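Novice: Line order of the protein sequences matches chains A, B and C.
Under the working numbering, the first residue of the first sequence carries the number 12, and numbering increases by one thereafter.
Under the working numbering, the first residue of the second sequence carries the number 750, and numbering increases by one thereafter.
Under the working numbering, the first residue of the third sequence carries the number 183, and numbering increases by one thereafter.
What the hints contain is simulated information worked out from the structure, not anything from laboratory work.
Note that the structure is predicted; figures quoted are calculated from it, not measured.
Cβ atoms here follow ideal geometry from the backbone N, Cα and C, with glycine treated the same way.
Among the hints, erroneous ones may be present.
Calculated cross-link-like contacts (lysine-lysine; reagent style DSSO-like; alpha-carbon spacing at most 27 Å) [claimed, not checked]:
1. 249/C with 205/C
2. 118/A with 240/C
3. 1063/B with 842/B
4. 408/C with 895/B
5. 249/C with 380/C
6. 895/B with 240/C
7. 118/A with 895/B
8. 408/C with 392/C
9. 205/C with 240/C
10. 240/C with 408/C
11. 895/B with 971/B
12. 971/B with 370/C
13. 205/C with 380/C
14. 370/C with 392/C
15. 370/C with 380/C
16. 971/B with 304/C
17. 191/A with 294/A
18. 380/C with 392/C
Here are a few chain A residues that sit away from chain B, every Cβ distance over 12 Å (derived from the structure) [as the list claims (entries may be wrong)]:
19. 19
20. 192
21. 194
One side of the interface only, derived from the structure: several residues of chain B facing chain A at Cβ under 7 Å [to be verified]:
22. 888
23. 891
24. 892
25. 898
26. 902
27. 906
28. 908
29. 917
30. 1033
31. 1035
32. 1075
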Amino acid sequence: MFDGYTFSELTSILAMQGFAGLILFSVFVLMALGLAIIFGQMGVINMAHGEFMILGAYVTYICSNVFSTYLPSLFGIYFFVAMILAFIASGALGAAVEWTMIRHLYKRPLDTLLATWGLSLILQQVYRSVFGAREVGVTLPDYLLGSFQLTDMVEVPINGVFVMCLTILITAGVAYLMFKSAWGRQVRAVVQNRAMAGAVGINTAKVDRGTYALGCGIAGVAGSAFTMVGSTGPTSGQLYIVDTFLVVVFGGAQSLLGTIASAFAISQSQSTLEFFLSGSMAKILTLLTVVGILMLRPQGLFSLKIRR
Amino acid sequence: MNFKISSFANRTEIFGFLVLAVLIVVILPLALDIFRLNLIGKYLTYAFVAIGLVLCWGAGGILSLGQGVFFGLGGYCMAMFLKLEASTPEATKIQSTPGIPDFMDWNQLTELPWFWEPFHSFPLTLVAILVVPTVFAYILGVAMFKRRVGGVYFAIITQAIAAILTILIIGQQGYTGGVNGITDLRTLMGWDIRTESAQYTLYFVNAFLLFVVLLVAQYVRKSKLGRLLVAMREKEDRVRFSGYSVANFKIFVFCLGAAFSAIGGAMFTLQVGFMSPSFVGIVPSIEMVIFTAVGGRLSILGAVWGALIINQAKTLLSEAFPELWLLAMGGLFIAVVMAFPNGLAGLYTTYVEPRLPKFLSGNGGKDADDDSDADVPLASKQAAE
Amino acid sequence: MQTEVKDFVLSVEGLTVSFDGFKAVDDLSFYVEEEEIRVIIGPNGAGKTTVLDLICGKTQASHGSIKFRDTELTDLSENQIVHAGVGRKFQNPSIYEDLTVFENLELSFPRGHGVFGALVFKRDKEVIDRVEEIAADIFLSDHLQQPAGLLSHGQKQWLEIGMLLIQDPDLLMLDEPVAGMSVSERVKTAELLQRIIKGRSVLVIEHDMKFVEDIAHRVTVLHQGKMLSEGSMDHVQNDPKVVEVYLGH
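For reference, chain A alone in the conformation it holds in the complex (with noise of 0.2 Å):
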């Protein structure tokens, strides 16, 4: 498969489609990042996940066309406007499902996978209600089309650095929150031990909330961050939900670390492949190694030996 290409053509190949890769693996990372608190941290299988991302997409949607409509001068900076908004309209969304839905459900976790099903069918009818049936999309502020041109032959688009640039803040940010911070302590506390978390003060059912509601929240920013590289649709949640489960799975549910690396390995493999083979060849054989691989190794990449 590799006739007809010379050798530095094949070079800027591989960094073009890794390149690609980069940007899956963001938008992985920045639905996985919530997943991984979610799921990792609480247990809950969180099948709306999507439907909050795409939440956070059709805020920043409705931001762009605000500010190109009635403040066309503050155009530039309506991204980081719509990131925040978009964090607090799935976090808030997320932390009355939490309230409602899934806090009587902490001791079933399957059926917390059948509740947010539920949950993710009204909000995509909601969403097709509301935005209409087709795919939108934003409209980039200036600075962010183009692209760099490394050299002749490779040239990566702005947008896409600028969603791997977030991306980096954004997992740097969650990393610090989760291990440095004393919420995120409360939050270790209470997954490790509820009983003993709150027999030395800990509010457990508010720490609940609170990290749903922050997972549900980081989804909104990748969806936000979503609408800068594709269109966004009532269903496009859908498209991501099972490749993220696996990104979570696959680096080991309770790891971070774990989370990013497995997504790193997904996306830059299935962008590799994609090149050679058919885009749907090049998923099947990406899902089915990691599929293989977790047979082998249930608990995925990174996990501890711990007595059970």
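Mind docking chains B and C on chain A? Use the hints.
Specialist: Then chains B and C, alone, in the frame of chain A:
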């Protein structure tokens, strides 16, 4: 074998079984025209899957989100046979390669792929309908249960497999018919399956098979194996340390569920006249779980009712208010999971049964008793770990 | 290291398991004789439960061997270990709460353990008689048709003990059989255990020193995964090492 009815089903169950039989075999065929009856037949094919899920998920606690895979495999096996029969050289003489299915010709295939060959034979097809999905389930089961992949992980992996198979079918158009599926099926060994009389016949064959599957499922549930499934759902380790190979039992029930689903899939193809990837993937697989949950995850009869009622509602609602359907379905699903984890069957046992005359009540008389079995409400500890 | 003698029921030699570098059990060797009642004591985290986990196959050993009579248990799966004749009771009562007491006991009846066997298993007179006999032993004759979830904590412990008895194991392993019981339940349990451990080898983990004194032939003291002392209760109680880490608080 001195077989006692009372150890097989209590009065409620026999009563429920009879009610369902009268409804499906007598009332519906008399009350509905053939178009509607054919739709009912289609809904009942989902009930096969739901019954399997009651055993796997309700009794055994193994939630598979990939039952559509087995439904699809069964359906595709049947569709491949029918398609080959419809693709005689005479019928396809305008193609550049006559004698192969039309979609293959459109995708520039010039000969039949090897794995299509067995589907020239009807007996082989019947074997394949049962064996292919069951063997596939067996492989998955061995790979996962032997390594103690369970619960949430099992659900996610089976879901991924449903996704993979769908992408594969859609991607390999030339071999599978792609996103449109295998369509334009006409005859089964010369017998036109599109006529009214054929549709009536198929409806009753389907109903007959459904009751066979119900009886098998009932037998399994009432056997020690059925009690073991419940025991495994609760305390897997205790079962293991009582000397059972837990994995083998899970593999068995997963394979059984797959075989049931496959029968449903094959009957679907026969009654509806086509098979497509939209009955294989994530969404249909979860819908099957919804039918089961609404009917009552612990009740095999409930599963049939769930499939019937939800699909009937779907048809009525989406004809009248297409916008509302997803909202209603989502809301219903949340409500069932949150408020009625035992579904319709649970409501029946709680509210209806106590008001029924004594002779219909399963626990009337002295057998208050050994077959109280698994219908105890799912306690919260069900998945405490 | 002791030389191997044939009439040990259980020979544990050089047993080690580490969880990510932490050695929960470290080069442990001990031997249990036929019909011996051995009690393992030790402070929390000493590795007591892990030892039982290792013997019954729940946890895989990193090194070492566990011989049950002539069978190497480290190579067997959990259910094979049960069939070899090892029964184990868990620390928290581990019973099937949705099933009746009868069904709980019946599932432990040693027949129909394969998939096919379970499908054709019949509740015949032999099964019913045996279940009723055991139920009488564990004071649950009147509760046979109740869902096990409705039993009191002590009754659940008895039920699990009954589930082991019906298997009739040669080596019985009990993890804190009297923990969490009321005084009267404790007395009854002690009496029950005294009765059922006759003619078997038993490995017990227990904190209740009075109880240990009553039943133990020999005591093994674990500390940080290692054997600290072994011998009669008197010997162990007067061992200065033991006094320091455990009894001397």
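Novice: Decide, hint by hint, whether the structure agrees.
Specialist: Hint by hint, here is what the structure shows:
1. For the hint linking residue 249/C to residue 205/C, the alpha-carbon distance of about 21 Å falls within 27 Å, and the restraint holds.
2. Distance hint between residue 118/A and residue 240/C is fulfilled; the C-alpha atoms sit about 24 Å from each other, no more than 27 Å.
3. Proximity of residue 1063/B to residue 842/B is assessed by CA-CA distance (about 41 Å); at most 27 Å being required, the pair is judged violated.
4. Simply put, residue 408/C and residue 895/B have alpha-carbon atoms about 32 Å apart, too far for the 27 Å limit, and the pair is violated.
5. Annotation: proposed proximity of residue 249/C to residue 380/C holds, straight-line Cα distance about 22 Å (limit 27 Å).
6. For the hint linking residue 895/B to residue 240/C, the alpha-carbon distance of about 14 Å falls within 27 Å, and the restraint holds.
7. As the CA atoms of residue 118/A and residue 895/B are separated by approximately 25 Å, the hinted pair is consistent with the 27 Å bound.
8. Restraint check for residue 408/C and residue 392/C: satisfied, since their Cα atoms lie roughly 24 Å apart, inside the 27 Å limit.
9. Using a Cα cut-off of 27 Å, the hinted pair residue 205/C and residue 240/C holds, with the two alpha carbons roughly 17 Å apart.
10. Pair hint residue 240/C plus residue 408/C holds up; C-alpha atoms about 20 Å apart against a cutoff of 27 Å.
11. For the given pair, residue 895/B sits about 25 Å from residue 971/B by alpha-carbon distance, which is consistent with the 27 Å threshold.
12. Taking the CA atoms of residue 971/B and residue 370/C, the gap is near 35 Å; set against the 27 Å cutoff, the hint is violated.
13. For the suggested pair residue 205/C and residue 380/C, the alpha carbons sit about 34 Å apart, so the restraint of at most 27 Å is broken.
14. This hinted pair checks out: residue 370/C and residue 392/C have alpha carbons roughly 14 Å apart, not beyond 27 Å.
15. Straight-line distance between C-alpha atoms of residue 370/C and residue 380/C comes to about 16 Å, which keeps the hinted pair within the 27 Å bound.
16. Annotation: proposed proximity of residue 971/B to residue 304/C holds, straight-line Cα distance about 11 Å (limit 27 Å).
17. Of the supplied pair hints, the one linking residue 191/A and residue 294/A is violated, its CA atoms being roughly 37 Å apart against a limit of 27 Å.
18. This hinted pair checks out: residue 380/C and residue 392/C have alpha carbons roughly 19 Å apart, not beyond 27 Å.
19. The claim that residue 19/A lies off the interface holds: its Cβ sits roughly 31 Å from the closest Cβ of chain B, which is beyond the 12 Å cut-off.
20. No Cβ of chain B approaches the Cβ of residue 192/A within 12 Å, the least distance being about 28 Å, so the stated non-interface status holds.
21. For residue 194/A, the condition that its CB be more than 12 Å from all CB atoms of chain B holds, with the nearest at approximately 26 Å.
22. Look at residue 888/B: its Cβ only gets to about 10 Å from chain A, farther than 7 Å, so that hint breaks.
23. A cut of 7 Å between beta carbons decides the hint on residue 891/B: the least distance to chain A is about 10 Å, and the hint is violated.
24. Proximity of residue 892/B to chain A holds as hinted, the smallest CB-CB distance being about 4 Å (cut-off 7 Å).
25. For residue 898/B, the suggested interface contact is upheld, since its CB lies about 4 Å from the closest CB of chain A, less than 7 Å.
26. Evaluation of the residue 902/B hint against chain A yields a held restraint, the C-beta minimum of about 6 Å falling below 7 Å.
27. Taking 7 Å as the C-beta cut-off, the interface hint given for residue 906/B holds, the closest approach to chain A being about 6 Å.
28. Here the hint on residue 908/B is kept, as its CB sits about 6 Å from the closest CB of chain A, short of 7 Å.
29. Contact between residue 917/B and chain A, as hinted, is supported at the beta carbon level, the nearest pair being about 5 Å apart and thus within 7 Å.
30. A least Cβ separation of about 13 Å between residue 1033/B and chain A goes past the 7 Å threshold, and the interface hint is therefore violated.
31. With 7 Å as the threshold, the beta carbon of residue 1035/B comes within range of chain A, its nearest partner Cβ sitting at about 6 Å, so the hint holds.
32. For residue 1075/B, the interface hint holds, since its Cβ comes within 7 Å of a Cβ in chain A; the closest pair sits about 4 Å apart.
The structure does not agree with the numbered hints 3, 4, 12, 13, 17, 22, 23, 30 stated previously, though it agrees with the rest.
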